Each structure stands twice: as C-alpha cells, then as structure tokens.
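These protein sequences, in sequence, are chains A and B.
Numbering-wise (the numbering used here), the first sequence opens with residue 88 and increments by one.
Numbering-wise (the numbering used here), the second sequence opens with residue 13 and increments by one.
A hint or two may mislead.
As the list claims (entries may be wrong) - Computed cross-link-like contacts, EDC-like style, restricted to lysine to aspartate or glutamate with a CA-CA straight-line distance of at most 20 Å:
#: 1; chain 1: B; residue 1: 38; chain 2: A; residue 2: 183
#: 2; chain 1: B; residue 1: 38; chain 2: A; residue 2: 200
#: 3; chain 1: A; residue 1: 99; chain 2: A; residue 2: 216
#: 4; chain 1: A; residue 1: 99; chain 2: B; residue 2: 51
#: 5; chain 1: B; residue 1: 38; chain 2: B; residue 2: 58
#: 6; chain 1: A; residue 1: 99; chain 2: A; residue 2: 209
#: 7; chain 1: A; residue 1: 99; chain 2: B; residue 2: 58
#: 8; chain 1: A; residue 1: 99; chain 2: A; residue 2: 200
Claimed, not checked - Rough simulated footprint, nothing fancy, chain B against chain A, three-plus residues with beta-carbon under 8 Å:
#: 9; region: 88-100
#: 10; region: 103-114
#: 11; region: 130-140
#: 12; region: 152-166
#: 13; region: 170-178
#: 14; region: 203-209
These are computed hints drawn from the structure, not numbers from a lab.
Since this is a predicted model, take the numbers as computed values, not measurements.
Using N, Cα and C, we set each Cβ at its ideal position, and we do this for glycine too.
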Amino acid sequence: MLGRIIAEYPGKVRLVFKDFPLASHEGALPAAEAARCAGDLGRFWEYHDLLFVAQPSFARADLVGYASRLGLPVDRFTTCLDGGQHRQAVRADLAEGRAAGVRGTPTFFVNGERMVGARPFEAFRAAIEQALNGTAPREPKNP
Amino acid sequence: MRRVATALLLIAVLSVAGARAQEAPKFTVNPVMARGPADAPVTIVEFSDYQ
Numbered sequence: 088m089l090g091r092i093i094a095e096y097p098g099k100v101r102l103v104f105k106d107f108p109l110a111s112h113e114g115a116l117p118a119a120e121a122a123r124c125a126g127d128l129g130r131f132w133e134y135h136d137l138l139f140v141a142q143p144s145f146a147r148a149d150l151v152g153y154a155s156r157l158g159l160p161v162d163r164f165t166t167c168l169d170g171g172q173h174r175q176a177v178r179a180d181l182a183e184g185r186a187a188g189v190r191g192t193p194t195f196f197v198n199g200e201r202m203v204g205a206r207p208f209e210a211f212r213a214a215i216e217q218a219l220n221g222t223a224p225r226e227p228k229n230p
Numbered sequence: 013m014r015r016v017a018t019a020l021l022l023i024a025v026l027s028v029a030g031a032r033a034q035e036a037p038k039f040t041v042n043p044v045m046a047r048g049p050a051d052a053p054v055t056i057v058e059f060s061d062y063q
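This is chain B alone, in the form it adopts within the complex (with noise of 0.2 Å):
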C-alpha cells in the first residue's frame, strides 16, 4: 500500500515537473538585441515592435 502511494506521489511531482517545463518557453537570442549578461539569474525578453 505504502509502495503505491509512494509510486503515485513520484508521478505527480514528475507530472508538475514536467508540466512547469513544457509551459517556460524557450527562446533564441540574436547577440546583437541583448543586453546584459548571458548568464544572468534573470532573462527578460520582450516581444515589442515600433509603431
């Protein structure tokens, strides 16, 4: 009983994990419209345009 507990609660922490992966979306970066460090604690990207 104890096992099939423990088995489900590793599937829901994997799921979450899983999920919270999918949902942070990856971007490319062009050097060139960066600012900052590449290895900053924090990317802050902006989708913009001029008008």
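Isolated chain A, as found in the complex (with noise of 0.2 Å):
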C-alpha cells in the first residue's frame, strides 16, 4: 500500500514510520525494538515489511531468525536487540503519539491531517490530491 503511494507520487511523498506498539500485542514492542536494530545496520524497511508478513510470530528467536533471513551480522543485531538499545526511543514515539490523539493502529497524519485505521489506497489518494491541490480528485465514471 505504502509502496505503492511512493511509486504513483514519485518525490512528490515522504513517508516516516512512527512506533505505536499497543500494550495489548504483547510482541509489538520487542519487534519494533528488533525493526531499529535492523535498521542501523541498514535493513529497516526490509526488516519492517518481513515482520508484517510474519506476524503475530515475535519471539526472541524468531526476530533473530528474520535478521538472520536478511543476512545481517546476528551478533551485532542481537546485542542491540538485548540490550534494549531502542526501547527509549520507541517509547518516546508511543507519547508522541499520544500527545497527537493517537489512541489506535494504525493512525495516519497526512500533512498533519489525522486518518484512522486501514483505508484504501483511493482514501491516500484523495488526501494526497488535497493536500497537493487542495482538491479530491473525481470519482471515475463509469464508461
């Protein structure tokens, strides 16, 4: 879906992914944890698309398992992983989060314009065409 905005408004969109693990979803937390260390050896984005294909499957293990599927040096990702180094920082996107009204996931902000839960891409596209334009774009007719 994400990849697909990028691809049909090329530079014309950034996306940034923020960290909202739920207390409810006991894994959420330890996988975004495991995303970051992916991501500072260079994988995040990688990492983040392996672990919703792979989801709900976040044991310790298993994170180390899809580091590992990438090929990233294990030793490194797992003393990062152990050591909690992202938690802080993961912690700070959830109270930033909340601080915005983010009370649910997943919850967008398009150009500051809040939007909650899964949508169709024509949901992006009408935001983005506003936010572009400040006009949705028309509902195909049908021929």
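Since each chain comes alone in its own frame, lean on the hints to assemble the complex.
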C-alpha cells in the first residue's frame, strides 16, 4: 500500500513510520525494537516488511531469525536487541503519538490531517491530492 | 466603525490561523524510518505496531 503511494507520487510524498506498540500486543514492543536494530544495520524497511508478513511470531528467536534471513550480522543484531538499545526511542514515539491523539493503530497523518484505521489506496490518494492541490480527485465515471 | 470592523476581522483571521497552526501536530523524524525526499510537499506519518 505505502509502496504504491511512493510509486504513484515519486518525489512528492515522504513516508514516516512511527512506532506505536499497543500494550495489548505482547510482541509489538520487541518487534519495534528489532526493526530499529535492523535499521542500525541498514535494513529497516526490509525488516519492517518482513515483520508484517510474519506477525504475530515475535519471540526472540523469531526476531533473530528474520535478521538472519536478511543476512544481517546476528551478533550485532542480538547485542542491540538484548541490550534494549532502542526501547526509549520506541517509547518516545509512543508518547509522541499519544500527545497527538493517537489511540489505535494504524493512525496516519497526511500533512497533519489525521486518518484513523486501515484505509484503501483511494482514501490516501484523495488526501494526497487534497494536500497537493487543495482538491480531492473526482471519482472515475463508468463508461 | 470601519476601523473596528477591520480590527475584528483581523483578529478573527489571526485566531483561525493560530488555531490551525496549533492543530497540525509536529513529529520528530528518524531518517532511517522515512522514505522519500525530506522536502516532499506531502508527508504521511504512520503510527503503527507490527502485530
């Protein structure tokens, strides 16, 4: 979905991912930390995509296994993960989201305009067009 | 009278602009967790977890 947005609006859209691990999702916090550890090793987005495919298998062995699958140096990855090197940063994202009114996931902000919940591509397109041109695209007419 | 009306209009416009400025949240950006040019006209911030 977000990859399609980048492809359809090259150079016009920046995507920013922020962690918001819900307390009810036991594996969400370590998964978020693991993705950042992968980011330290230059593979954040690949690991991020892998996690969405692999959910909810987020035991430590799973997280290390995904790093291994991406060819990351496992020793460096586990040092980062086990040391909780990004725990504070994840919690800072969580606090930032709460301050902005985020209550559930996913929540999006398109140039500051909040969109709550998973949305179809067309909803993003309308929000992007609105942000770019001040108008939403017209619905395509049936021939 | 006209001056008063102009002043009131100015206050109203500034109030709306100020309120909008306050409404738009500002987020910190970790460049590792961002895709696309930093000066893109549209920024989509996603708060999510992986589960």
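Results for each hint:
1. B:38 x A:183: 9 Å, holds
2. B:38 x A:200: Given that 20 Å is the threshold and the Cα spacing comes to 11 Å, the pair holds.
3. A:99 x A:216: Cα-Cα ~11 Å, so holds.
4. A:99 x B:51: 8 Å, holds
5. B:38 x B:58: Since the Cα atoms of residue 38 of chain B and residue 58 of chain B sit roughly 13 Å apart, the hinted pair holds (cutoff 20 Å).
6. A:99 x A:209: 17 Å, holds
7. A:99 x B:58: 17 Å, holds
8. A:99 x A:200: 17 Å, holds
9. 88-100: holds (count 7)
10. 103-114: Satisfied; 10 residues make the cut.
11. 130-140: holds (count 5)
12. 152-166: Violated, because only 0 residues of the region 152-166 of chain A bring their Cβ atoms closer than 8 Å to Cβ atoms of chain B.
13. 170-178: violated (count 1)
14. 203-209: violated (count 0)
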